[in-house]
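Colleague: Going down the list, the sequences are from chains U and V.
So the number in my numbering is just where the residue sits in the first sequence, counting from 1, plus 7.
So the number in my numbering is just where the residue sits in the second sequence, counting from 1, plus 14.
No lab work stands behind these hints, which were simulated from the structure alone.
Quantities reported herein were computed from a predicted structural model and do not represent experimental measurements.
All residues carry an ideal CB built from backbone N, CA and C; glycine is no exception.
Some clues are possibly wrong.
Claimed, not checked - What follows is a list of derived Cβ distance ranges for each label pair:
#1 U:Ala225 <-> V:Ala109: 34 to 42 Å
#2 U:Ile252 <-> V:Phe441: 40 to 48 Å
#3 U:Asp275 <-> V:Asn450: 42 to 50 Å
#4 V:Leu672 <-> U:Gln365: 52 to 60 Å
#5 V:Lys738 <-> U:Asp275: 47 to 55 Å
#6 U:Asp193 <-> V:Ser743: 22 to 30 Å
#7 V:Gly170 <-> U:Arg508: 43 to 51 Å
#8 V:Tyr359 <-> U:Asp314: 25 to 33 Å
#9 V:Lys738 <-> U:Asn453: 54 to 62 Å
#10 U:Asn388 <-> V:Tyr77: 51 to 59 Å
#11 U:Ala225 <-> V:Lys16: 54 to 62 Å
#12 U:Met322 <-> V:Tyr647: 30 to 38 Å
#13 V:Asn450 <-> U:Asn388: 22 to 30 Å
As the list claims (entries may be wrong) - No farther apart than 25 Å at their CA atoms in a straight line, the calculated lysine to aspartate or glutamate pairs in the DMTMM-like style are these:
#14 V:Lys702 <-> V:Glu670
#15 U:Lys360 <-> V:Asp574
#16 U:Lys378 <-> V:Glu546
#17 V:Lys243 <-> U:Glu355
#18 U:Lys313 <-> V:Asp574
#19 V:Lys142 <-> U:Asp29
#20 V:Lys361 <-> U:Asp326
#21 V:Lys147 <-> U:Asp361
#22 V:Lys654 <-> U:Glu211
#23 V:Lys243 <-> V:Glu388
#24 V:Lys419 <-> U:Asp326
#25 U:Lys233 <-> V:Asp444
#26 V:Lys145 <-> U:Asp326
As the list claims (entries may be wrong) - So, partial list: chain V residues that the calculated Cβ filter (under 7 Å) puts toward chain U:
#27 Ser122
#28 Phe123
#29 Met124
#30 Phe386
#31 Ser561
#32 Tyr647
#33 Ala774
#34 Glu778
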Amino acid sequence: MPTLCTAQTSYKKSPGLLELTDQFLQWTPAGSKHPSLRVPSSQASSLFCSKEGAAQVRLKLALVNDDAGYNFTFLASQPVALKERDKFKTELSAIISGNRNGPAEPTPAPTAVANNNKGPTLAATSSGTPTPPSFSQAPTPRSGAQLPPASSDRRGADRASTPILAGTDAAADFRLRRVVLMANPDLLGLHRELVMSGQISEAEFWDGREHMLLAQAAMEGQQKGKPGQIVDPRPEAVEGGEVRIRITPQLVHDIFDEYPVVAKAYNDNVPHKLTEEEFWKRYFQSKLFNAHRASIRSTATQHVVKDDPIFDKYMEKVDDELEPRKERAGQNVDIFVNLFATQEDHHEVGNTKDVTMQAGRQRGALPLIRKFNEHSERLLNTALGEGPASKRRRTDDGTSASLLLSRYFESGSKGKATADDELSQPHDAMAFIRQVRVDLHDWANNLSKLSIERKHGDTALLTMTQNVAPRLETRIRRNEIPEPILRQMTTCQTAANEFLRQFWSAMYPPRSDALQSAGGAPASAAQRATKVAKMAGYLARTPEKVEALVQRARADGVDSERVRTAMKPVLDAAERAVVFHQTKRLRP
Amino acid sequence: MKFFIDDLPIIFPYDRIYPEQYAYMCDLKRTLDATGHCVLEMPSGTGKTVSLLSLIVSYQQFYPTKRKLIYCSRTVPEIEKALTELKRLMEYRVAEAETEEEKIKEQSFMGLGLTSRKNLCIHPEVSKEKKGKVVDARCRDLTNSAACEKGRAEPGSVDLCEFHEGLNSATPGAIIPQGIWTLNDVLEHGKANGTCPYFTVRRMMPFVDVIIYSFHYLLDPKVAEQVSKEIDKDAIVVFDEAHNIDNVCIESLSIDLTRPMLDAAARSVVKLGEKIEEIKTTDAAKLQNEYARLVEGLQDAGDDPATDEYMSAPVLPDDLLSEAIPGNIRKAEHFVAFLKRFVEYLKTRMRVLHVVAETPPSFLQHLKDITFIERRPLRFCAERLQSLIRTLEINRLDEYSGLQKVATFATLVATYDRGFLLILEPFETDNSTVPNPIFHFTCLDPSLAIKPVFEKFSSVVITSGTISPLDMYPKMLQFSPVVQESYPMTLSRNSFLPLVITRGSDQVAISSRFEVRNDPAVVRNFGSVLVEYAKIVPDGIVAFFPSYLYMESIVAAWNDMGILNEVWKHKLIFVETPDANETSIALENYRRACDNGRGAVLLSVARGKVSEGIDFDHNYGRAVIMFGVPYQYTESRILKARLEYLRDTYRIRESEFLGFDAMRNAAQCVGRVLRGKTDWGLMVFADKRFARADKRAKLPRWINQYITETSSNLSTDMALTLSKLFMRSISQNPNENQTGVSLWTVKDIEKAQMLAKEQAMDMENQKAADDDDDDEFSDGGISDSMLVDLDI
């Protein structure tokens with residue numbers, strides 16, 4: 008009798024060894040030689056698992072005539088236990104689906120009510136009608152099957168008919184169907200009418216409707232990226248010939264993100280040489296800002312803008328040469344889009360092109376064009392990670408398509424855990440409805456008999472009024488910190504938060520990044536290391552900035568303690584990051 | 015699938031074939047049988063390359079003559095694609111071979127691709143050089159025969175390339191195993207075995223059945239001399255994507271000289287003189303030997319051409335080679351003095367501050383009057399310089415490029431009388447005040463460069479997706495084709511929609527005509543076309559502008575008008591830049607954005623880098639927008655000269671040529687989006703001039719037939735409505751089976767063949783009947799029309 012799998016489990020709180028052979032599921036208590044429990048596997052009817060991430064890893068097996076079933080808890084450490092459980096699950100679900108299909112096993116014809124008790128999916132096929140022959144040839148469900156057996160064989164059929172969804176696991180598939188049904192009341196009605204009453208099978212119902220599932224999966228798989236627009240703070244004209252630019256934390260964040268040099272300038276100068284306010288004021292008047300706007304119009308205004316000793320230091324040379332300033336060598340581009348190879352295929356011959364066909368003659372436009380390309384690339388990289396795109400050669404359409412597809416559906420599997428949970432407690436919709444019906448019985452009469460005592464209402468109102476009064480008071484009293492200081496505190500905090508975000512995202516890169524740069528990990532690790540170091544440097548200076556704020560507050564006669572308290576969380580966070588940076592190495 | 019055309023068995027690597035592919039193959043076979051030339055236009059994306067290769071390989075393998083195939087393409091990506099296709103075909107043929115013998119025959123079939131050293135170098139230091147010229151020069155220093163001899167005699171004395179040395183152990187003809195090698199494969203093979211990929215290909219060239227390289231390797235006499243000289247006369251030459259072949263021909267015989275070039279040349283001359291003095295004291299015998307060799311004639315001067323190429327004369331007909339180099343430049347020091355005089359003369363000419371245009375004979379006459387330089391020595395200038403450089407064993411040839419240009423110029427100017435013009439432009443543009451003189455030596459007649467090809471090879475196939483009007487090419491290139499055909503595209507449904515937008519939604523006419531192109535209303539309307547299409551088209555959009563100048567100014571204008579901000583909301587924006595590497599990266603990112611679903615717009619230039627050879631298939635291009643008609647810059651003096659020449663010599667009117675040239679480029683651009691029958695895309699022509707019938711008539715038939723009367727004169731909003739409608743219908747699942755209509759099985763082919771036979775029979779009968787009729791009625795009577803015309 009070959010053993011399919013074994014594991015250390017506890018049953019009824021005593022430890023022992025769980026074994027699955029091709030005929031029996033048996034459990035032997037520790038120290039004993041003979042199994043105290045032996046269930047013929049042909050009796051197995053359904054299987055439940057504890058959800059992933061739960062404290063204990065459990066497996067519950069229900070038998071054909073015994074819904075109570077047996078509960079086993081896996082004793083090994085979490086990851087091992089999960090693996091063991093999965094093994095059991097795979098084997099058992101195969102057996103169960105075999106049981107379901109095997110016509111030999113006479114199952115007691117359940118009544119309609121019992122069916123409903125088992126929840127919608129279960130009800131569909133356990134109606135006792137002989138399964139069509141095609142069903143018995145349905146492939147066994149894959150390891151991911153965690154559904155009650157009745158539906159798992161149907162899913163096998165489903166999968167055969169909807170190969171596109173093969174990448175998703177059973178739970179996600181089930182959840183998708185549920186979502187689609189919930190979104191379409193008409194369809195739900197139809198489903199209830201046809202499938203739940205057992206007129207057609209689940210698979211038949213979904214046959215021809217796969218596209219709805221696909222569309223749902225695709226919709227859920229989509230993530231909204233960053234908006235594409237380039238940061239271009241346009242001044243609003245105010246009467247009196249002044250211009251005003253509204254600085255929001257979002258804008259600060261975007262500017263820092265788009266132009267690292269501004270972040271650098273900010274860090275170098277605030278608060279020693281400039282205050283927050285002055286910093287932004289002067290930035291928007293500087294040549295640097297105009298260079299960043301990089302349009303033909305701004306080059307025209309270039310000479311009107313006055314010099315600024317601080318910001319002019321950060322000016323970069325305008326990138327308007329024919330060859331880009333930034334060296335991009337070493338990046339191997341796909342040979343099918345490699346223009347450079349063609350240019351170098353033979354010596355340049357012939358006459359020079361006429362003026363209109365010489366690229367880059369409009370020099371003012373070059374920095375702009377480069378900015379567009381870089382901005383687009385940056386947006387792409389935030390969405391896809393900085394993976395070396397060249398690694399993905401498109402010589403073979405098949406591989407890249409499947410790669411895409413797997414990425415596409417990757418996010419779909421995230422919903423698995425919740426679906427698991429729901430599955431382990433089958434819905435008892437009908438029972439619930441019956442309960443509600445009982446509760447609502449004769450509601451009109453009951454309602455008319457309802458009377459509320461006056462005193463309770465009065466007290467409730469009184470307490471509410473009392474509650475509101477102190478709140479109002481605090482609101483009136485709150486404005487002790489003058490507006491300018493408050494604004495500075497806000498920007499200071501926003502900046503620090505941005506640095507923190509950059510720091511931690513470099514420390515722990517997002518998953519998609521890791522996925523993408525499988526090939527180019529060392530390079531990006533080095534990049535991240537420098538970024539972390541830089542950000543840590545910025546963060547280390549946060550206390551100074553806060554101290555400066557506190558000083559200023561004191562000078563203005565404001566309670567400096569308040570400022571300190573307000574900035575405390577930021578300081579703590581920054582400190583934590585700095586300490587972390589000093590002690591820990593970068594995660595590889 | 016396997017089928018027969020006449021008695022020739024064709025193996026086609028797919029089990030379905032498009033009807034046009036079948037027709038194409040039939041015509042191709044006719045050409046090969048007749049050993050003549052042909053011009054064939056087949057819609058892009060209908061598998062032109064595979065039909066070509068499949069027929070020609072079948073031809074090569076079936077007939078015992080073993081004609082070699084020279085397949086020329088424009089760009090490296092296209093070369094690589096053709097090689098990949100060939101590799102696939104051969105794998106299929108090997109798998110399909112019926113007997114063991116056949117299998118061996120198929121396996122021994124050899125195909126290679128050739129490109130520059132820069133693209134194939136794997137030497138750790140040399141390959142890092144950015145400029146192809148420098149790579150060439152450094153490679154030569156490490157691999158020329160003199161250096162090799164020295165290095166092998168006493169190892170360590172001279173630096174040699176170990177990869178090049180690695181080739182010596184292999185027997186010639188078996189450096190790499192038989193089969194098809196793509197450029198990448200050869201590179202990998204070289205890296206794995208420590209052999210030089212470039213020289214592997216070069217040395218294997220006499221042994222291959224198929225060689226694939228770019229046009230220049232056959233048309234540019236400087237390169238052809240080294241690379242393509244030893245190819246047999248009965249080889250089959252194919253120019254794929256040949257719609258610009260006349261430009262390549264012209265380019266290969268044109269040359270520019272600038273002031274800095276002449277200065278560098280003058281310096282090089284001085285350096286050469288010093289070197290000669292030095293050699294005279296150390297190794298005078300060397301110069302003596304060279305002199306003796308030159309007295310005997312040029313031909314024995316060359317060693318193995320595959321290893322030693324310094325530079326070669328741009329054009330020297332074979333009979334000239336047997337002549338000896340004229341006496342007055344045989345001695346090294348005399349030649350150097352001669353060069354010095356010539357360079358000085360050119361420098362004086364450059365000082366002129368007005369435009370000069372003259373023919374080569376008048377230039378030579380003036381030269382003779384001033385400097386007493388005769389035509390004959392001038393003609394041997396390039397050849398003589400090559401010999402001198404070899405004798406002096408000069409390294410880092412790239413530093414002598416200025417002098418090489420001058421020598422090439424000298425040879426060209428002294429060789430050709432007709433079809434060339436010298437133009438001296440002292441100022442870059444009409445408005446500039448600082449002189450920056452350029453001396454253009456420009457070829458006006460494309461047939462000159464391609465003439466040797468037509469003369470040497472018996473079958474030349476000129477083919478492209480967009481080569482309309484077909485009769486233009488034989489006229490310009492001076493040859494008579496056996497077959498000249500354009501195939502329509504059989505589609506079971508219209509998979510592309512050409513639209514002509516003539517005015518914006520505000521009814522202002524849009525045009526890239528010089529007078530109105532910078533008009534804010536036109537710029538805004540062009541912008542709104544882009545914005546609106548960015549809103550409705552999924553994935554990628556490619557937009558083409560008529561020139562770099564216009565694109566750069568309009569991008570700036572759009573940015574300031576806030577139009578691009580609207581586009582950013584829907585798609586990412588990528589723009590072609592002057593730098594090829596930078597643009598490649600932008601392209602790569604563009605494709606990532608399309609794959610990702612974010613979608614992107616690529617702004618680029620017709621006749622620019624991107625418009626040639628980059629495919630925007632499927633999601634990489636769902637719409638292509640042609641902003642304006644891509645006319646050439648008509649103020650260019652070179653273009654004017656060329657137009658004049660075409661008019662005088664070939665009776666091609668200026669406007670006819672300009673229109674033809676603009677439309678072939680527009681067709682080329684829009685054709686980029688459609689790369690197969692499963693592909694679909696919108697083709698938007700945004701200019702009111704596209705609405706004219708004479709313009710549209712110049713488009714390839716397969717595009718023109720789908721421009722309906724309604725879609726030929728639209729405003730932006732009408733075009734958008736049509737586009738939306740089209741996209742809605744094209745995204746439906748096509749239920750009808752394409753088999754039999756636009757996809758043929760073997761049975762369909764046989765049916766078509768039967769039908770053709772029957773028709774031929776009918777025709778014959780008809781003709782016989784007609785003949786009878788003629789006999790009956792040919793009584794010299796008065797016809798009806800004559801009666802009508804008769805004025806009583």
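Colleague: It remains to establish, for every hint, whether it holds in the given structure.
Modeller: Okay, the hints, checked on the actual structure:
1. Hint check: alanine 225 (chain U) to alanine 109 (chain V), Cβ distance near 38 Å, so the stated range 34 to 42 Å holds.
2. For the hinted restraint 40 to 48 Å between isoleucine 252 (chain U) and phenylalanine 441 (chain V), the CB-CB distance of approximately 45 Å keeps it satisfied.
3. In this structure the supplied range 42 to 50 Å holds for aspartate 275 (chain U) paired with asparagine 450 (chain V), their Cβ-Cβ distance being about 43 Å.
4. Separated by about 20 Å at the C-beta atoms, leucine 672 (chain V) and glutamine 365 (chain U) break the suggested range of 52 to 60 Å.
5. A beta carbon spacing of about 53 Å between lysine 738 (chain V) and aspartate 275 (chain U) agrees with the range 47 to 55 Å that was offered as a hint.
6. Separation of aspartate 193 (chain U) from serine 743 (chain V) is about 27 Å and conforms to the stated range, judged on CB atoms against 22 to 30 Å.
7. Between glycine 170 (chain V) and arginine 508 (chain U) the beta carbons are some 58 Å apart, a value that contradicts the proposed interval 43 to 51 Å.
8. Separated by about 51 Å at the C-beta atoms, tyrosine 359 (chain V) and aspartate 314 (chain U) break the suggested range of 25 to 33 Å.
9. In this structure, lysine 738 (chain V) and asparagine 453 (chain U) meet the distance hint of 54 to 62 Å, their C-beta atoms being roughly 57 Å apart.
10. Between asparagine 388 (chain U) and tyrosine 77 (chain V) the Cβ separation comes to about 55 Å, which falls inside the hinted range of 51 to 59 Å.
11. Against the hinted window of 54 to 62 Å, the Cβ-Cβ separation of alanine 225 (chain U) and lysine 16 (chain V) comes to about 42 Å, which falls outside the hint.
12. Checked against the hint of 30 to 38 Å, the pair methionine 322 (chain U) and tyrosine 647 (chain V) passes, with Cβ atoms roughly 36 Å apart.
13. Checking the proposed 22 to 30 Å range against asparagine 450 (chain V) and asparagine 388 (chain U) shows it is violated: the Cβ atoms sit about 41 Å from each other.
14. The suggested pairing of lysine 702 (chain V) with glutamate 670 (chain V) holds, with an alpha-carbon distance near 18 Å, which does not exceed 25 Å.
15. Pair hint lysine 360 (chain U) plus aspartate 574 (chain V) does not hold up; C-alpha atoms about 29 Å apart against a cutoff of 25 Å.
16. Taking the CA atoms of lysine 378 (chain U) and glutamate 546 (chain V), the gap is near 23 Å; set against the 25 Å cutoff, the hint holds.
17. As the CA atoms of lysine 243 (chain V) and glutamate 355 (chain U) are separated by approximately 21 Å, the hinted pair is consistent with the 25 Å bound.
18. Restraint check: the Cα-Cα separation between lysine 313 (chain U) and aspartate 574 (chain V) comes to about 22 Å, which is no more than 25 Å; the hinted pair holds.
19. Distance restraint check for lysine 142 (chain V) and aspartate 29 (chain U): the Cα-Cα separation of roughly 64 Å exceeds the 25 Å cut-off, and the hinted pair is therefore not satisfied.
20. The straight-line distance between the Cα atoms of lysine 361 (chain V) and aspartate 326 (chain U) is roughly 34 Å, outside the 25 Å bound, and the hint therefore fails.
21. A threshold of 25 Å between alpha carbons decides the hint, and for lysine 147 (chain V) with aspartate 361 (chain U) the separation of about 24 Å falls inside it, so the pair holds.
22. The suggested pairing of lysine 654 (chain V) with glutamate 211 (chain U) is violated, with an alpha-carbon distance near 73 Å, which exceeds 25 Å.
23. With a C-alpha separation of about 29 Å, the suggested pair lysine 243 (chain V) and glutamate 388 (chain V) falls outside the 25 Å cut-off, and the hint is violated.
24. Straight-line distance between C-alpha atoms of lysine 419 (chain V) and aspartate 326 (chain U) comes to about 32 Å, which puts the hinted pair past the 25 Å bound.
25. Restraint check: the Cα-Cα separation between lysine 233 (chain U) and aspartate 444 (chain V) comes to about 47 Å, which exceeds 25 Å; the hinted pair is violated.
26. Of the pairs offered as hints, the one joining lysine 145 (chain V) and aspartate 326 (chain U) holds, with about 21 Å between alpha carbons and a cut-off of 25 Å not exceeded.
27. At a threshold of 7 Å, the smallest CB-CB gap from serine 122 (chain V) to chain U is about 25 Å, leaving the interface hint violated.
28. Checking phenylalanine 123 (chain V) against chain U by beta carbon gives a least distance of about 21 Å; that is not within 7 Å, so the hint is violated.
29. Taken as an interface hint, methionine 124 (chain V) does not check out: its beta carbon lies about 21 Å from the nearest beta carbon of chain U, beyond 7 Å.
30. Because the smallest distance between the Cβ of phenylalanine 386 (chain V) and any Cβ of chain U comes to about 29 Å, over 7 Å, the interface hint for this residue is violated.
31. With a least beta-carbon distance of about 4 Å to chain U, the hint placing serine 561 (chain V) at the interface is held under the 7 Å criterion.
32. Evaluation of the tyrosine 647 (chain V) hint against chain U yields a held restraint, the C-beta minimum of about 4 Å falling below 7 Å.
33. For alanine 774 (chain V), the suggested interface contact is broken, since its CB lies about 42 Å from the closest CB of chain U, more than 7 Å.
34. Violation of the interface hint for glutamate 778 (chain V) is found here, the shortest Cβ-Cβ separation to chain U being roughly 48 Å, above the 7 Å cut-off.
The structure does not agree with the numbered hints 4, 7, 8, 11, 13, 15, 19, 20, 22, 23, 24, 25, 27, 28, 29, 30, 33 and 34 stated previously, though it agrees with the rest.
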